[in-house]
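Protein sequence lines, in the order shown, are assigned to chains L and Z.
Quick note on the UniProt record's numbering: the first sequence kicks off at 1 and runs consecutively.
Quick note on the UniProt record's numbering: the second sequence kicks off at 1 and runs consecutively.
Heads up, some of the hints might be wrong.
Unchecked claim - Chain Z is nowhere near these chain L residues, computed Cβ spacing over 12 Å in every case:
#1 N13
#2 M18
#3 P73
As the list claims (entries may be wrong) - Pairwise CB distance ranges (calculated):
#4 K115(L) to Y401(Z): 30 to 38 Å
#5 G127(L) to A79(Z): 37 to 45 Å
#6 N13(L) to E334(Z): 49 to 57 Å
#7 L72(Z) to K115(L): 37 to 45 Å
#8 P81(L) to F264(Z): 54 to 62 Å
#9 Q75(L) to W522(Z): 40 to 48 Å
#10 N13(L) to F264(Z): 40 to 48 Å
#11 Y401(Z) to P12(L): 41 to 49 Å
#12 Y401(Z) to R85(L): 25 to 33 Å
#13 G127(L) to M75(Z): 56 to 64 Å
Stated by the list, open to error - Counterexamples of contact, computed for chain L against chain Z with all Cβ distances above 10 Å:
#14 T43
#15 E45
#16 G63
#17 S72
#18 T111
No lab work stands behind these hints: they were computed from the structure.
All C-beta atoms in this analysis are idealised placements derived from N, C-alpha and C, irrespective of residue type, glycine included.
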Amino acid sequence: MGSSSSSMDHIPNAEELMQETGFSAAHLLRLYERFEFLDKDQTGELRPEDFGAIGGLALNPIGDRIISAFFSPGQETVDFPSFVRVLAHFRPNGTNRTRNGTQQEPVNSRTRKLKFAFQLYDQDRDGKISRAELLQVLRAMLGIQVTEEQLQSIAERAIQEADLDRDDAISFDEFKKVQQVSPHPQTPTKETPLHPTEGGR
Amino acid sequence: MVSRGLANEVTPDHGVDTSISEPAAGNETQSQHNTTGDSGHAGGHEVPIVTFKWHHVETPYLIALWILVAGLAKMVIEANHHVTNVIPESALLICFGFILGGMVWGADKVQTFTLTPTVFFFYLLPQIILDAGYFMPNKLFFGNMGAILIYAIIGTCWNAASLGLSLWGCHKGGAMGDLDIGLLQYLLFGSLMAAVDPVAVIAVFEQVHVNEVLFILVFGESLLNDGVTVVLFNVFDAFVSLGGSQIDAVEIIKGIISFFVVAFGGSLLGFVFGLLVSLLTRCTKNIQIIEPGFIFVLGYLAYLTAEMLSLSAILSIVFCGVCCQKYINANMDEKSVSTVRYTMKVLANGSETMIFVFLGISAIDKTIWVWNTGFILLTLLFIMVYRFIGVFFLTWILNRYRLVPIGFIDQVIMSYGGLRGAVAYGLAVMLDENKIKEKNLMISTTLIVVYFTVIFQGITMKPLVTWLKVKRAAVTELTLIEKVQNKVFDHVLVAIEDISGQIGHNYMRDKWNYFEEKWMSWALMKPSVRKSRDHVFSVFHQLNLKDAMSYVAEGERRGSLEFIRNESAFIDFKKKFGDEFSEAMPDIMANMSDDHGAAILTIHACIDPVPSVSLEMHEQTMKGMRETEDINTHHLLQQHLYKGRKQHRHRYSRSHFDVNKDENEVQEIFQRTMRSRLESFKSAKMGVAPPKTISKYSKKDQQQKVRATGCTITSIGLGIDASGYDASGSTFPMRVTYRAGAGIENPAFMPDMDPMTPIQIPPWLMEAELDSGMVAPSQRAQVRLPWTPSNLRRLAPFRASAQSNDSFMLADAPATQQRDDEELPPPPSPPPPPSNRDGGYM
């Protein structure tokens, strides 16, 4: 199925996308194949259900949030360029092969990555993680044997830790600051998402 | 007299029974037989009441004793993890072997027990390799097949050739004095040295947590190159027998052809045997008690058959395991599958332990030690250097074709992870002394290489890995939000990997999957299994199984299974809860508007011991309290944050086979995901079209049942109370464990409510209000009942489905209105609805 498109010609605006996202041609090609594979009814656009069909996501506690991160507000579908743009957040930084200096901020910069993560919390997109929003994430992330009280107190404490201006919510700046304070061993993992793939040639 | 006669009949067969044990031990046995056997005859006039017949049982007895000793050794070594954290277990076992060997040597003045090729290749190795094949993370393995094959075939040939030629060159240059070794013998030695040993590698890599691609590369390589090495060894062995002058181009070409025939023929044979096992397990329904045996017997037969046909036995058994795992796991009974898994681990671990211990013991033998500084040191140097060169060169080529290149650090670790092990030793001992004059030198060199790589490289591997990833810098205490955030990142990455199809999705794989779906599964799986095979469903199925098990266990704990027989009660028990919630909902929403402020206060006062309002004022006094609570909270997070799937899956571990924690998490998450999807689907549906049908359960019907079950609830509550459960326990960890049931309620029900509240009420507020609003019935029930309905909810559909076809829904969405129950689960995940609707999974 996927091989029917094994040429760059089929990808709309391939050049621009490569410029914009920094993906190499091989990456782009493979992502396109993947996109076509996910797009079961061949509409050229993905719906949330298409994502839902990926088995692994059902086992991901925040899978739904991540899926919704692919869709801009109000949109029911996502086309290939947008799909790639979202994925471009996860390209390792430091190896920008094709980027020229014209853009002010590459998609895969640390800030943009953090922004992506931030938006996973900030469901109402008001630029702040409220306590309720944090609580929702926590609820999804923690084992069901943790009681609601404990969840509450965790959320409370987490907010207090990060909340510098005492507005009982975490703004993006505060969020960024917390993540910067201590460089810890786990941070590097966020930069290598696509690693174990062999070329489909 | 009868028994004496029997003993005499059995004892003379010296030759037969010793083949199992170590031949050295056999020799010993034989000589003792000769001396003591006669005296036995002399004293045989009277009827003995009890006789001491050591020789009757000697061989099996010794084997059993050695197994016991090896097992105990492992136990002692694993008793203290401080040591094993620094020194790998394999190294410790070898050292333990040194000690044992020393003791035997001290007693006998001769090394009675050594590792012989027969024992090693026929009785110790197969199960280890079968285990590796059976537990092989298939997707990852085949995803990186190309790289693995290149490392295993070309890399091994390179190692063999380069080592042989370099040693020969040095020999010619006069670096090692006067040795009677020709070029071919050097190449033979090189080929036996080329095997990177999976046993040693896994033992070390398991403790050093490397990423899964690196792991599969090293693991796959070491597994396959064992096969390749043996083939190569045989080819060179044939050349050596032939003698240098006889070898011409034709023979060399024959050798190369035989190499490929042996390697691929072995793999193919394994594949065939794998299919055979799968087919066999299709029809073992009536003999479930012995079906696990088939896997082992046929696996072993695959090994022996390949050996008989002089094909690669190792490759054969690997592929047998790889091929059959999917089908036999599906075909066999769950119990049989667990049996296979555990038995596999027991056998593999046992032989691994034996191998290392005997590797140590074998060293304490004066007769094999021949020292040649030049030869030994040069070998050590060359295998190290050429390993590095080989890996770097091959990776350089591979990286040009790989989408995501293998990093520099990974290459270093791969090269450094080239541990040699028992396969090399086994081959060295197999050398023919007549053809190779310096056999003993080769054995001792092999032993030194093995000890050096396993012990020295094994110990330094971990520091090296940590050192190469120096980034970790200062270890500061993570804040809570960071901790959560790290996990969020993990999950995000896993999800993105899923979405982007992390492991290449390409044409070949598609074709294969199609073929596999259409033909192989059809041929090899039971029809009943095929239906319910998809992943989502199997998780659901396991969920039910687990619930049923714990359900029964709970009943046993209480000393009565009475409540289980009262079947209908529990289904409705859950429904009652659903009702309570839907009834409570309007109230909350109404109350919310005016009690808003009050609610906040209450919550702060009663739930959070450190209200945020007071924090600023009392910051100083709160300090102490904060700290302890901080610890608690961190602890809590540590324990209960879901781990990223990546950390668990795709990992082969020889010694650890614990799926429980992981599985539980997966189930939990899965359950929640399905529920929330269900919800979103429903709410969407509700908005668009009016519900079509009315449930078969009429309201009245249901209420009746509710009333009927009222008493059950209280009686269970009492039962628990009596068992000494302290609801007011306030220590953190304690609460976590004891309140397992209680905590479930909230998260489980929340998603149901969110979409139904038009007003923007922060869920945590609502939640709290809910709790306090319903204090009397529900909280008590929650606290008192570790087995609250939400636990049973999953079980319920299982039962309910016998009566109606709306099982899944009923169970998973208790808070929603009745009429919705007829709607089917969401389309997003295609798998569950049809199978559930069928009720076919029963």
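Consistency of the hints with the structure:
The Cβ of N13(L) lies farther than 12 Å from every Cβ of chain Z, with a closest approach of about 19 Å, so its non-interface assignment holds. Chain Z leaves M18(L) outside its interface by the beta-carbon criterion, the shortest separation being 15 Å against a cut-off of 12 Å. Interface exclusion of P73(L) from chain Z stands, the closest Cβ pair being 16 Å apart, more than 12 Å. Between K115(L) and Y401(Z) the beta carbons are some 34 Å apart, a value that agrees with the proposed interval 30 to 38 Å.
Range check, G127(L) to A79(Z): Cβ separation about 55 Å, and the 37 to 45 Å hint is violated. In this structure, N13(L) and E334(Z) meet the distance hint of 49 to 57 Å, their C-beta atoms being roughly 51 Å apart. The hinted range of 37 to 45 Å is not satisfied by L72(Z) and K115(L), whose Cβ atoms lie roughly 57 Å apart. For P81(L) paired with F264(Z), a C-beta distance near 45 Å fails the hint of 54 to 62 Å.
Between Q75(L) and W522(Z) the CB atoms are about 41 Å apart, so this pair conforms to the stated range of 40 to 48 Å. Between N13(L) and F264(Z) the beta carbons are some 45 Å apart, a value that agrees with the proposed interval 40 to 48 Å. About 27 Å separates the C-beta atoms of Y401(Z) and P12(L), a value inconsistent with the hinted range of 41 to 49 Å. The hint said 25 to 33 Å for the Cβ distance between Y401(Z) and R85(L), and at roughly 27 Å that hint holds.
Evaluation of the 56 to 64 Å hint for G127(L) and M75(Z) yields a pass: the beta carbon distance comes to about 58 Å. No Cβ of chain Z comes within 10 Å of the Cβ of T43(L); the nearest lies about 15 Å off, and the non-interface call holds. For E45(L), the requirement that its beta carbon stay farther than 10 Å from each beta carbon of chain Z is met, with the minimum near 15 Å. Listed as outside the interface, G63(L) is inconsistent with that label: its C-beta sits roughly 6 Å from the nearest C-beta of chain Z, within the 10 Å cut-off.
Every beta carbon of chain Z lies more than 10 Å from that of S72(L), the smallest distance being close to 16 Å; the non-interface claim holds. Annotated as non-interface, T111(L) keeps its C-beta farther than 10 Å from every C-beta of chain Z; the closest such distance is 15 Å.
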